[in-house]
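For the protein sequence lines, the chains are X and L, in the order given.
Taking the numbering used here, the leading residue of the first sequence gets 142, the next gets one more, and so forth.
Taking the numbering used here, the leading residue of the second sequence gets 14, the next gets one more, and so forth.
The hints are simulated quantities; they were obtained by calculation from the structure and are not laboratory data.
Note that the structure is a prediction, hence the values are computed from the model and not measured.
Some clues are possibly wrong.
[Stated by the list, open to error] Below, in silico cross-link-like pairs of lysine-lysine (DSBU-like), each with a Cα-Cα straight-line distance of 35 Å or less: (1) L/K207 x L/K189; (2) L/K21 x X/K320; (3) L/K207 x L/K187; (4) L/K129 x X/K320; (5) X/K417 x X/K457; (6) L/K207 x L/K317; (7) L/K129 x X/K417; (8) X/K417 x X/K320; (9) L/K189 x L/K317.
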Amino acid sequence: MMKKLKITLIMLLLVALLLAACGGKEAEVVEVVEEAEPFRVAVVMPSAITDLAFSQSMYDALVAIQEERGADNFEIVYSEGMFVVDDAAAAIRDYASQGFNLVIAHGSQYGSSLQEIAPDFLETSFAWGTTVDTFGMPNVFAYEAKSEEGGYVNGVMAAMLSDSGVLGVVGPIETGDAKLYVDGFAVGAAAANTDVQVNTNWIGSFSDVALASEAAQTHIGAGADVLTGTAQMVVGAIGVAEENSALWFGTQSSQTSLAPSIVVANQVYHWEVVLKQMIELIEGGTYGGQYYEITLVNGGLEIEFNADYALPDDVKAAAEAAIDGIVDGSITVFP
Amino acid sequence: MIEQLFTKAVLVGILSSGIRLATPYLYASIGETFSQRSGVLNLGVEGQMLLGAFAAFYVAFSTGNLWLGMLAAIITGLLMGLAMAFVSINLQAVQGISGIGFYLFGLGMSDLLFQKLLGTVETVSGFRPVYIPWLSDIPIIGEIFFNQNILVYGAYFLVFAAWFVLNKTTLGLKIKAVGESPQAADSLGVSVRKVRYFAVGLGGIMSGIAGASLSIALLNVFQQNMTSGLGFIAIALVYFGGWRPFAVMGGALLFSMVNSLQLWVQVLNIPIPSNFAVMMPYVLTIFALIFSVQRVRPPSALSKPFERGH
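Isolated chain X, as found in the complex (with noise of 0.2 Å):
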């Protein structure tokens, strides 16, 4: 009995605690306004920041940021692995009453959390994506990656260097910028070389490392020696295809350095072209209400070749002219 009575004291003083801290909070986030406190950013994401994909593209965004602007003057806050979107939800909700300036939901799984949230936080701006919706709310901001154009690049690549003329496709799920990405690669592989065959699979997850293997493996059981694929798990795929000498086409973040012997080119995300945009509206006391993307055009998408695959000439001419075609809009991926 006195240990019970002990532990709920415990409790309510715990308690206690805890509202005296929250209340000395916000009285100290009103003064601070005044002095030139650094932009504070918060972003949760569905896999780590280290996963060579989705996150990672991310992270890499803000930390280039922050290099630009300073340590002092730039702070990160990041949350990793939210795969399950109620923990996710919860923490974008806990960075926006910390008085985060922008809190970014990296995950078009994240969008109905955020639409529930950010009406109660209007002083504090979100960013989700991929996606073009912002619920045409004024503190929101969404942006998207027009994947499909490293897609037609990668595509009009593969086509060229397939001997087989089968190319195989591993996808998460059918859906945002996995999708774009994969219908790009299709478009371009058929622009290049209009026998070549594209065979198409989605595993339906972002995470099943040993389903998108073995996805890979029966690409190259249907004669595929050129492999491509989206989303975090895809680590699987290109084991196999490097057991199999099969050339593999990375996006989102360079994947070189998984296989850099069958590594042919990388689309390569640079969100930190639009956050900057979207940063600066933050600073002019716009808080959201625009949809951003990032394109070939606008340096937000990048193709990196891999140095140490000898791509021959004909093929990187091609590429080019296809990465000059989609730049001066004389190539439209879907007209």
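Following the hints, complete the assembly by docking chain L onto the known chain X.
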């Protein structure tokens, strides 16, 4: 379209891929069979697998020795298993809850270690397919069954071994007795605690090896949450197989074969939407579960802590 499925190359592809995919399920679910047969429901399999996968990968990556990696996975799995045993046997915790606690611990810990010790996705040169003289040369059969790595063979051997231990040895009898009627076993001088510790520890070792089979044999990478729910499916397969090793293997093979079938269905451009294709193994498993589970009774003392005189 659909007739393309029945060509030799495709059938060989489906079967050999299904056999590989089933490997981690086999280790994990046979381990869980031992644990549950002794009366302990271990829901922490997924966490044990993740830590085993990381331990194997990290040791193999830093020493270059795959067998040391295996040893690391075995030790990690054993420690996790013993911890689970301590919590459920000595502390008599509610097993459904504490198992989930161990899952979350393994998930978080493997990720933390991954971030601190590796920092990024790396690769190792894992176990290679083993050529078996004569057997590997048999057309079709050789391609499907005898062109796999050592951990794949080990998983199928384990099924035989588990069946033998459970049905033909005194140890197996003790495990089953403790899971069915711990009071009776106790009154006959069998130490319920010792047997349960053994079974849950063994289950932990198997889960650790299941993780290693992914990180240093089948995939040769480690990534956070790479098991992706596989450990929970392994637990479902134990129910599916009615706590009998060969039936558990049947379930694991069914699930994996249908999964590799759906990969081929997509690659051959058979007009089934991908959303339905990826559902196939799960839907089929649920149906099979509905029809199979009613026939078999779970161990009577499953998830019930044992206390003398109660």
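Q: Take the C-alpha atoms of L/K189 and L/K317, compute the straight-line distance between them, and say whether it is at most 35 Å.
A: holds, 14 Å
Q | Pair hint L/K207 and L/K317, alpha-carbon separation not exceeding 35 Å | A | holds, 16 Å
(Q) Hinted pair, alpha-carbon criterion (35 Å max): L/K21, X/K320. Please report holds or violated. (A) holds, 32 Å
(Q) Need the status of pair L/K129, X/K417: alpha-carbon distance at most 35 Å? (A) holds, 30 Å
Q) If you draw a straight line from the CA of X/K417 to the CA of X/K457, is it 35 Å or shorter? A) holds, 31 Å
Q. Would the pair L/K129 and X/K320 pass a check requiring their Cα atoms to be no farther apart than 35 Å?
A. holds, 33 Å
Q) Is L/K207 within 35 Å of L/K187, Cα to Cα? A) Holds - the C-alpha atoms of L/K187 and L/K207 are around 10 Å apart, at most 35 Å.
**Q.** Pairwise hint evaluation, X/K320 against X/K417, where the allowed Cα distance is 35 Å at most
**A.** Given pair X/K417, X/K320 holds - Cα atoms ~26 Å apart, limit 35 Å.
(Q) Does L/K189 sit within 35 Å of L/K207, going by the straight-line distance between their CA atoms? (A) holds, 13 Å
The earlier numbered hints are all upheld by this structure, with none contradicted.
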